[in-house]
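K.L.:
Residue numbers (my numbering), protein chains in the order written: chain E, 167 to 329; chain C, 167 to 329; chain R, 167 to 329; chain S, 167 to 329; chain Z, 167 to 329; chain Y, 167 to 329.
Quick caveat, the hints were computed from the structure, so don't treat them as lab data.
One or more of the hints may lead you astray.
A pair holds if it fits inside one copy or across any two, identical chains being indistinguishable in the list.
As the list claims (entries may be wrong) - The calculated lysine to any residue pairs, modelled on SDA-like cross-linking and capped at a C-alpha distance of 25 angstroms, are:
#1 K217 with L204
#2 K277 with E301
#3 K300 with E273
#4 K300 with Y255
#5 K284 with E183
6 protein chains.
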Amino acid sequence: MKNHSSEHIDDQMIKIEVTIDDMNPEFYGYIMEGLFALGVNDVYIQPVIMKKNRPGQVLNVLCSNKMREKVIDFLFQETTTLGIRYTPYTVYRLEREFIKVETKWGECTVKIGKRQGKVVQVAPEYEKCVALAKENQVPLKWVYDQAKEKGYQWVKEQQQLLD
Amino acid sequence: MKNHSSEHIDDQMIKIEVTIDDMNPEFYGYIMEGLFALGVNDVYIQPVIMKKNRPGQVLNVLCSNKMREKVIDFLFQETTTLGIRYTPYTVYRLEREFIKVETKWGECTVKIGKRQGKVVQVAPEYEKCVALAKENQVPLKWVYDQAKEKGYQWVKEQQQLLD
Amino acid sequence: MKNHSSEHIDDQMIKIEVTIDDMNPEFYGYIMEGLFALGVNDVYIQPVIMKKNRPGQVLNVLCSNKMREKVIDFLFQETTTLGIRYTPYTVYRLEREFIKVETKWGECTVKIGKRQGKVVQVAPEYEKCVALAKENQVPLKWVYDQAKEKGYQWVKEQQQLLD
Amino acid sequence: MKNHSSEHIDDQMIKIEVTIDDMNPEFYGYIMEGLFALGVNDVYIQPVIMKKNRPGQVLNVLCSNKMREKVIDFLFQETTTLGIRYTPYTVYRLEREFIKVETKWGECTVKIGKRQGKVVQVAPEYEKCVALAKENQVPLKWVYDQAKEKGYQWVKEQQQLLD
Amino acid sequence: MKNHSSEHIDDQMIKIEVTIDDMNPEFYGYIMEGLFALGVNDVYIQPVIMKKNRPGQVLNVLCSNKMREKVIDFLFQETTTLGIRYTPYTVYRLEREFIKVETKWGECTVKIGKRQGKVVQVAPEYEKCVALAKENQVPLKWVYDQAKEKGYQWVKEQQQLLD
Amino acid sequence: MKNHSSEHIDDQMIKIEVTIDDMNPEFYGYIMEGLFALGVNDVYIQPVIMKKNRPGQVLNVLCSNKMREKVIDFLFQETTTLGIRYTPYTVYRLEREFIKVETKWGECTVKIGKRQGKVVQVAPEYEKCVALAKENQVPLKWVYDQAKEKGYQWVKEQQQLLD
Numbered sequence: 167m168k169n170h171s172s173e174h175i176d177d178q179m180i181k182i183e184v185t186i187d188d189m190n191p192e193f194y195g196y197i198m199e200g201l202f203a204l205g206v207n208d209v210y211i212q213p214v215i216m217k218k219n220r221p222g223q224v225l226n227v228l229c230s231n232k233m234r235e236k237v238i239d240f241l242f243q244e245t246t247t248l249g250i251r252y253t254p255y256t257v258y259r260l261e262r263e264f265i266k267v268e269t270k271w272g273e274c275t276v277k278i279g280k281r282q283g284k285v286v287q288v289a290p291e292y293e294k295c296v297a298l299a300k301e302n303q304v305p306l307k308w309v310y311d312q313a314k315e316k317g318y319q320w321v322k323e324q325q326q327l328l329d
Numbered sequence: 167m168k169n170h171s172s173e174h175i176d177d178q179m180i181k182i183e184v185t186i187d188d189m190n191p192e193f194y195g196y197i198m199e200g201l202f203a204l205g206v207n208d209v210y211i212q213p214v215i216m217k218k219n220r221p222g223q224v225l226n227v228l229c230s231n232k233m234r235e236k237v238i239d240f241l242f243q244e245t246t247t248l249g250i251r252y253t254p255y256t257v258y259r260l261e262r263e264f265i266k267v268e269t270k271w272g273e274c275t276v277k278i279g280k281r282q283g284k285v286v287q288v289a290p291e292y293e294k295c296v297a298l299a300k301e302n303q304v305p306l307k308w309v310y311d312q313a314k315e316k317g318y319q320w321v322k323e324q325q326q327l328l329d
Numbered sequence: 167m168k169n170h171s172s173e174h175i176d177d178q179m180i181k182i183e184v185t186i187d188d189m190n191p192e193f194y195g196y197i198m199e200g201l202f203a204l205g206v207n208d209v210y211i212q213p214v215i216m217k218k219n220r221p222g223q224v225l226n227v228l229c230s231n232k233m234r235e236k237v238i239d240f241l242f243q244e245t246t247t248l249g250i251r252y253t254p255y256t257v258y259r260l261e262r263e264f265i266k267v268e269t270k271w272g273e274c275t276v277k278i279g280k281r282q283g284k285v286v287q288v289a290p291e292y293e294k295c296v297a298l299a300k301e302n303q304v305p306l307k308w309v310y311d312q313a314k315e316k317g318y319q320w321v322k323e324q325q326q327l328l329d
Numbered sequence: 167m168k169n170h171s172s173e174h175i176d177d178q179m180i181k182i183e184v185t186i187d188d189m190n191p192e193f194y195g196y197i198m199e200g201l202f203a204l205g206v207n208d209v210y211i212q213p214v215i216m217k218k219n220r221p222g223q224v225l226n227v228l229c230s231n232k233m234r235e236k237v238i239d240f241l242f243q244e245t246t247t248l249g250i251r252y253t254p255y256t257v258y259r260l261e262r263e264f265i266k267v268e269t270k271w272g273e274c275t276v277k278i279g280k281r282q283g284k285v286v287q288v289a290p291e292y293e294k295c296v297a298l299a300k301e302n303q304v305p306l307k308w309v310y311d312q313a314k315e316k317g318y319q320w321v322k323e324q325q326q327l328l329d
Numbered sequence: 167m168k169n170h171s172s173e174h175i176d177d178q179m180i181k182i183e184v185t186i187d188d189m190n191p192e193f194y195g196y197i198m199e200g201l202f203a204l205g206v207n208d209v210y211i212q213p214v215i216m217k218k219n220r221p222g223q224v225l226n227v228l229c230s231n232k233m234r235e236k237v238i239d240f241l242f243q244e245t246t247t248l249g250i251r252y253t254p255y256t257v258y259r260l261e262r263e264f265i266k267v268e269t270k271w272g273e274c275t276v277k278i279g280k281r282q283g284k285v286v287q288v289a290p291e292y293e294k295c296v297a298l299a300k301e302n303q304v305p306l307k308w309v310y311d312q313a314k315e316k317g318y319q320w321v322k323e324q325q326q327l328l329d
Numbered sequence: 167m168k169n170h171s172s173e174h175i176d177d178q179m180i181k182i183e184v185t186i187d188d189m190n191p192e193f194y195g196y197i198m199e200g201l202f203a204l205g206v207n208d209v210y211i212q213p214v215i216m217k218k219n220r221p222g223q224v225l226n227v228l229c230s231n232k233m234r235e236k237v238i239d240f241l242f243q244e245t246t247t248l249g250i251r252y253t254p255y256t257v258y259r260l261e262r263e264f265i266k267v268e269t270k271w272g273e274c275t276v277k278i279g280k281r282q283g284k285v286v287q288v289a290p291e292y293e294k295c296v297a298l299a300k301e302n303q304v305p306l307k308w309v310y311d312q313a314k315e316k317g318y319q320w321v322k323e324q325q326q327l328l329d
């Protein structure tokens, strides 16, 4: 499994937007799941106010331009929209590395983000923290905060931060 | 037509809430209109996040407790909900008076709100301002601001404000 | 398994609210899941604006008053709040019945809501529709709409609606 | 009256955005109406948080680039903004056809959306459903759901869907 | 200066709500500041959708019932509303203690929240973290996370947590 | 001090977006302040719904393209994100002039916006109005409305508006 990716700028990204005002809101969970399964980078829903007092949603999908047709097919199939729009975006992405740290409740994964070789982000993996919290019946916040602290210690030992 | 009502505290009000996550959002306009036709005091929709990534809405209806059954009947009929909740509220309402003012573009109505006999609110009537703006093809904001200014002048002449 | 419950008014409900402005938003999914596991009736999150330009959330939990201490313990444990508030609510609940309908893609469950013996709601079960959509690789909206139509037909045969 | 339009990709669209934090919120209804009267494709309002704890709105207008100056004139005239921005968008639009269906309560229009000749959307016309619901004093949801079902039947008869 | 308060339940609280659709949104910052100056416990703003496509706000104020008249006077004076409502709430509050911790960048205050004598919350003081971040020109997140970690260590030394 | 700038179209602007779902919401105030200190044109936060029931935020920054690297450095440093995206925007900006008006409570600044030499906006300076309201202990809305009226009078005297 690849657990390292280098810093880069990607100028082949697009944001696809669908403005929806006539769909059962229950469907969004299924649609988000389907979009991630297709391989898109991110999905989010923005509550908006549309004509005639309609509480609509703008469904935002970030993906590479080469996935465009596949994503648009999926959106026409699963949502109720008659029109879909997109615009190009350029994305800056940090170098990412996944490290293992030892917490009081077990081993946890922490995502490290680097900019020009220097650590800027230390982010415990949510699902791993949840698993440890459930297994040990302790608050999720304790597990998460301790995993982050262990991540900071790892960084410090590598002389990359805080000194 | 009654155009004056006295300041009072009403402790017989309720707020009815319906949390909706499976209804076509187009229906809200119709439902709001129907609720106002029943005689409720106010209606508003709050975007919320529900389980399973559903962008839901909380429909809030403010009305007197004695209208409760009628409103609940309507909500079960027109929304998709299986449960409706309410809680009592006490409402402070200002004395209201509707005055006529003369703007450059025609006569406008202004709502005056008084607390213990003293003017605290000066609010041009939206629909009247819209009518004047359309008729005279001037920006709505100019009409509204001038109607408000004329309202302030009326108050000042009555020695109730600004001196 | 009980699949029928009668119409009633429950005046022993409360809404618990927690206003949160300093918690990692990733935690909400875990907290919602934990609250439903405790047996609360509903949970939803409202985006709000707090002091100092903080985009906060009000976490709303609807539950019976007798669960109050258990829910409050959980919320202090899992969120970052130092204060939790609640207020009583009365809830009207429809009679609920779960029926089985046959769609082109397989059997589906539909929830029927009745008010004074008369059907007012026809709601296909989301998870069942999702399962059929995935299994048959058809749009979820088709499955859902057809299950609803079959639900309406069931009601019609029972002479309870549309005639 | 034209009731058919073919599927196409339009790369001459723009999204105009205005971020507003100092305008009377009553004006939005009038502004939306005015924008649709100009012929824009869509308008929606997004609640946002601005500096100094201001609950602002981003007014989004989708229109063809050739309408740009006209729309910008209108927005400077009717809103309070001192700056307006836009960015190009490409829009995918389905082939649209309007069909008539017969419901228990009268004739209704249903919008059909097609992708590469295949039906993907079946959308009853909201205003027509509202008219039938009012005229027959039945819930809007019943009218809408039946009109949709009749739309699906029409599609099925045309062998375009569900088989 | 008192820096300790005991755990308690306060059943003399109210939530005051004002639904506003015709006020310049710039005013909210001033109003929030004024409300806190009066001594209320909390204030937050909820974006809502009101009639006629108005993006309104519900201004929520939590305070003790004995402050009610003072707060209502202020709200009628500073907002544009003609009606203000409230409902009683009961609030559970944790025992609070403010401790000092030493970070790499200087001393910071951490708020400790206890339930039945047991620590459940460890919350660095935002303003103090901001001051240290500015002074030392380091990311606020580093200061905050380290202050929290030092708070956890203090708790651990007191044998109240994590063992 | 420059208090006049001419109308222009700026096609060298960008909108930078960061979607954030794992950061303490307290940090946004500090981040907004820091961004304005860098010299960006505008910042706003949009509440969104992300995967796994996370109430996230999209942080939007409008700035000139030549500031891009500086802003992106700041955002990686102060937020928790691992990716930042941007897209170009063209901005129309009105001619701006700052005038002084005399209100009953003291001198106030009013921003005047002109399109092709004609006044379209009259906007009292918020901070100045706040200072006068506090100093004179009168409602902010009175000060603001009067400053605006005086601004309209200034415009009228210049024969640029309302005649």
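K.L.:
For each hint, tell me whether it holds in the structure or not.
P.N.:
Status of the hints after comparison with the structure:
{"no.": "1", "hint": "K217 with L204", "result": "between (32 angstroms within a copy, 15 angstroms between copies)"}
{"no.": "2", "hint": "K277 with E301", "result": "within (21 angstroms within a copy, 28 angstroms between copies)"}
{"no.": "3", "hint": "K300 with E273", "result": "within (14 angstroms within a copy, 35 angstroms between copies)"}
{"no.": "4", "hint": "K300 with Y255", "result": "neither (39 angstroms within a copy, 32 angstroms between copies)"}
{"no.": "5", "hint": "K284 with E183", "result": "between (34 angstroms within a copy, 22 angstroms between copies)"}
Going through the hint list in order, the structure does not satisfy hint 4, though it satisfies all others.
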